[in-house]
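**Q** The chain contents come next:
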Amino acid sequence: MDIRIIKAAAVTDAVKKLYMDMNYYIGDDIMSALLKAEDGESSPTGKSVLSQIIENDRIAAREEVPLCQDTGMAVLFVEYGERVVIDGGSFEDAVQEGVRRAYIDGYLRKSVVDDPVFDRVNTKDNTPAIIYTTIVPGDKIKILAGCKGFGSENMSAIKMLTPSAGLEGVKKFILDTVKYAGPNPCPPIVVGVGIGGTFEKAAMLAKKATLRPINTDNSDPRYAALEKELLADINAMGFGPAGLGGDNTALGVNIEYFPTHIAGMPVAVNICCHAARHKETEI
Amino acid sequence: MAKKITLPLTDETIKDLKAGDSVLITGSMLTGRDAAHKRLYELLENGEKLPVDIDGEVIYYVGPAPAKPGHAVGPAGPTSSYRMDKYAPALLDRGLKGMIGKGARNQAVIDSMIKNGCVYFAAIGGAAALISNSIKKMETLAYEDLGTEAIYRFYVEDFPAIVAIDSKGNSVLVTKAVNDGKES
Numbered sequence: 001m002d003i004r005i006i007k008a009a010a011v012t013d014a015v016k017k018l019y020m021d022m023n024y025y026i027g028d029d030i031m032s033a034l035l036k037a038e039d040g041e042s043s044p045t046g047k048s049v050l051s052q053i054i055e056n057d058r059i060a061a062r063e064e065v066p067l068c069q070d071t072g073m074a075v076l077f078v079e080y081g082e083r084v085v086i087d088g089g090s091f092e093d094a095v096q097e098g099v100r101r102a103y104i105d106g107y108l109r110k111s112v113v114d115d116p117v118f119d120r121v122n123t124k125d126n127t128p129a130i131i132y133t134t135i136v137p138g139d140k141i142k143i144l145a146g147c148k149g150f151g152s153e154n155m156s157a158i159k160m161l162t163p164s165a166g167l168e169g170v171k172k173f174i175l176d177t178v179k180y181a182g183p184n185p186c187p188p189i190v191v192g193v194g195i196g197g198t199f200e201k202a203a204m205l206a207k208k209a210t211l212r213p214i215n216t217d218n219s220d221p222r223y224a225a226l227e228k229e230l231l232a233d234i235n236a237m238g239f240g241p242a243g244l245g246g247d248n249t250a251l252g253v254n255i256e257y258f259p260t261h262i263a264g265m266p267v268a269v270n271i272c273c274h275a276a277r278h279k280e281t282e283i
Numbered sequence: 001m002a003k004k005i006t007l008p009l010t011d012e013t014i015k016d017l018k019a020g021d022s023v024l025i026t027g028s029m030l031t032g033r034d035a036a037h038k039r040l041y042e043l044l045e046n047g048e049k050l051p052v053d054i055d056g057e058v059i060y061y062v063g064p065a066p067a068k069p070g071h072a073v074g075p076a077g078p079t080s081s082y083r084m085d086k087y088a089p090a091l092l093d094r095g096l097k098g099m100i101g102k103g104a105r106n107q108a109v110i111d112s113m114i115k116n117g118c119v120y121f122a123a124i125g126g127a128a129a130l131i132s133n134s135i136k137k138m139e140t141l142a143y144e145d146l147g148t149e150a151i152y153r154f155y156v157e158d159f160p161a162i163v164a165i166d167s168k169g170n171s172v173l174v175t176k177a178v179n180d181g182k183e184s
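Line by line, the protein sequences give chains A and B.
To convert, note that position 133 of the first sequence is 133 in our numbering; the numbers rise steadily by one, no gaps.
To convert, note that position 30 of the second sequence is 30 in our numbering; the numbers rise steadily by one, no gaps.
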């Protein structure tokens with residue numbers, strides 16, 4: 001079996017570029033959705049907020065500065081080809097170093113504390129990043145990366161629904177979570193939903209869902225229809241841009257699902273602000 | 001049309017500000033978020049002196065990103081205000097006149113705002129690069145060890161915000177869903 005050697009430095013460089021780019025340049029999926037929202041917004045305040053968000057994102061790209069000061073905690077989903085061998089260090093260290101360099105060299109905010117309860121001392125380089133790795137066939141490394149601000153992360157929730165709750169139960173939990181979040185998570189938001197699996201699998205799916213471009217649908221037409229229905233229901237809630245009222249409370253709803261246990265139907269809702277930063281690369 | 005206001009806020013200015021007003025703020029303000037609030041609150045609880053005088057000040061809930069060379073300040077948009085709700089009434093009782101953040105406040109904060117004659121402004125969450133263009137200078141005042149969470153003084157010109165909750169307690173924040181959708 002042929003192996004492919006990838007230098008640790010190449011991984012570090014790729015990760016660094018992902019994090020600098022995603023923080024400076026909002027994705028086309030989000031910008032298109034913001035422009036469409038601005039166009040259709042009936043509230044004058046909402047329209048003005050959307051115009052300012054669009055202007056903000058253009059300034060960030062032009063000046064190459066972070067579009068939001070909360071440059072988040074780094075989360076990476078990695079598909080690691082089983083024929084890849086890393087030369088010059090470990091894969092984990094190479095990724096962490098990429099995040100470290102992006103946050104230091106790229107003037108991104110360091111928002112990570114070492115201990116959640118007792119010390120809460122800033123690690124000063126935004127590490128550790130959270131890395132989920134799956135081993136796959138092949139000789140490539142595919143990285144799907146995001147940086148998650150906590151204004152919206154704090155508004156996320158998970159519930160262990162049971163089968164009798166049915167589709168109505170799933171919808172109610174998702175909508176209730178968005179209602180509870182209200183004006184806080186920097187609307188218009190992106191709603192990532194994970195359904196099925198186990199407790200932690202549902203949460204991971206929800207996170208992954210926030211990283212999927214919002215101009216894509218779930219490949220299962222039933223889930224795709226549910227995404228559209230939930231988006232309409234959320235926008236009818238009226239929180240609007242910045243929570244100051246209007247037609248655009250969400251830009252998109254992405255659902256990911258997974259087989260689950262006969263006794264369960266876990267649902268996780270990961271809320272993301274309009275600065276929904278995500279980027280992919282393949283090495 | 002946005003109202004131009006200057007800091008420090010006078011009682012007349014505060015009275016004139018109505019929920020929903022767009023404002024452009026010029027002057028100097030304090031910054032502070034979770035960790036700094038916790039420290040200030042603990043000092044007040046223990047009857048100790050604060051490291052900064054908050055009387056008559058406006059505090060902006062922000063943890064700025066680092067400034068690039070040639071920039072006065074890095075991107076600096078508002079953080080969620082509700083996390084400061086536990087601490088805000090004690091600071092308002094000590095003379096704080098205004099707060100700038102994003103999102104909802106609890107009833108205890110609103111009651112304290114009415115009692116003390118204060119105003120809560122919303123800046124646009126996630127508009128950090130845009131907002132930072134209105135911040136002309138920053139200085140570190142206290143808690144430098146907290147990094148981005150330190151207390152800074154910002155000198156701003158035409159800082160864009162909206163009066164989210166005025167000194168009478170009127171609010172333009174939508175905190176309850178207007179339409180519950182189709183769910184039962």
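Because the hints were derived from the structure by calculation, they are not lab data.
Treat the hints with care, as some may be off.
[Claimed, not checked] Once the Cα atoms are required to be at most 20 Å apart in a straight line, the calculated PhoX-like pairs of lysine-lysine come out as:
no.	chain 1	residue 1	chain 2	residue 2
1	A	LYS47	B	LYS3
2	B	LYS3	A	LYS124
3	B	LYS86	B	LYS18
4	A	LYS17	A	LYS172
5	A	LYS171	A	LYS201
6	B	LYS136	B	LYS18
7	B	LYS176	A	LYS172
8	B	LYS168	B	LYS3
9	B	LYS38	B	LYS68
10	A	LYS17	A	LYS47
11	A	LYS124	A	LYS142
12	A	LYS7	A	LYS142
13	A	LYS179	B	LYS38
14	B	LYS68	A	LYS110
15	A	LYS124	A	LYS172
16	B	LYS3	B	LYS15
17	A	LYS171	A	LYS124
18	A	LYS17	A	LYS7
19	A	LYS159	A	LYS17
20	A	LYS171	B	LYS176
21	B	LYS68	A	LYS17
[To be verified] Listed next, with one range per pair, are the computed distances between beta-carbon atoms:
no.	chain 1	residue 1	chain 2	residue 2	range
22	B	HIS71	A	PRO116	26 to 34 Å
23	B	ALA72	A	ALA165	18 to 26 Å
24	A	SER90	B	MET1	52 to 60 Å
25	B	VAL52	A	ILE104	26 to 34 Å
26	A	PRO116	B	GLU144	58 to 66 Å
We put the beta carbon where it would ideally sit given N, CA and C, even for glycine.
**Q** Please go over all the hints and tell whether each is borne out by the structure.
**A** Here's how the hints hold up against the structure:
1. A:LYS47 x B:LYS3: holds (18 Å)
2. B:LYS3 x A:LYS124: violated (39 Å)
3. B:LYS86 x B:LYS18: violated (25 Å)
4. A:LYS17 x A:LYS172: violated (39 Å)
5. A:LYS171 x A:LYS201: holds (19 Å)
6. B:LYS136 x B:LYS18: Outside the cut-off at roughly 27 Å; violated.
7. B:LYS176 x A:LYS172: holds (16 Å)
8. B:LYS168 x B:LYS3: holds (19 Å)
9. B:LYS38 x B:LYS68: Not satisfied, since the Cα-Cα distance of roughly 29 Å exceeds 20 Å.
10. A:LYS17 x A:LYS47: Violated. A:LYS17 to A:LYS47 sits at ~33 Å, over the 20 Å cutoff.
11. A:LYS124 x A:LYS142: Violated. A:LYS124 to A:LYS142 sits at ~27 Å, over the 20 Å cutoff.
12. A:LYS7 x A:LYS142: holds (15 Å)
13. A:LYS179 x B:LYS38: violated (28 Å)
14. B:LYS68 x A:LYS110: With Cα atoms ~14 Å apart, B:LYS68 and A:LYS110 stay inside 20 Å; holds.
15. A:LYS124 x A:LYS172: The given pair, whose Cα atoms are some 40 Å apart, is violated under the 20 Å limit.
16. B:LYS3 x B:LYS15: holds (14 Å)
17. A:LYS171 x A:LYS124: Given pair A:LYS171, A:LYS124 is violated - Cα atoms ~40 Å apart, limit 20 Å.
18. A:LYS17 x A:LYS7: Between A:LYS17 and A:LYS7 the Cα gap is close to 16 Å, so the pair holds against 20 Å.
19. A:LYS159 x A:LYS17: Violated, at roughly 36 Å.
20. A:LYS171 x B:LYS176: holds (18 Å)
21. B:LYS68 x A:LYS17: holds (17 Å)
22. B:HIS71 x A:PRO116: 26 to 34 Å: holds (32 Å)
23. B:ALA72 x A:ALA165: 18 to 26 Å: violated (53 Å)
24. A:SER90 x B:MET1: 52 to 60 Å: Since the Cβ atoms of A:SER90 and B:MET1 sit about 59 Å apart, the hinted range of 52 to 60 Å holds.
25. B:VAL52 x A:ILE104: 26 to 34 Å: Roughly 29 Å apart at Cβ, these two residues keep to the hinted range, so it holds.
26. A:PRO116 x B:GLU144: 58 to 66 Å: Cβ of A:PRO116 to Cβ of B:GLU144: about 23 Å, so the range 58 to 66 Å is violated.
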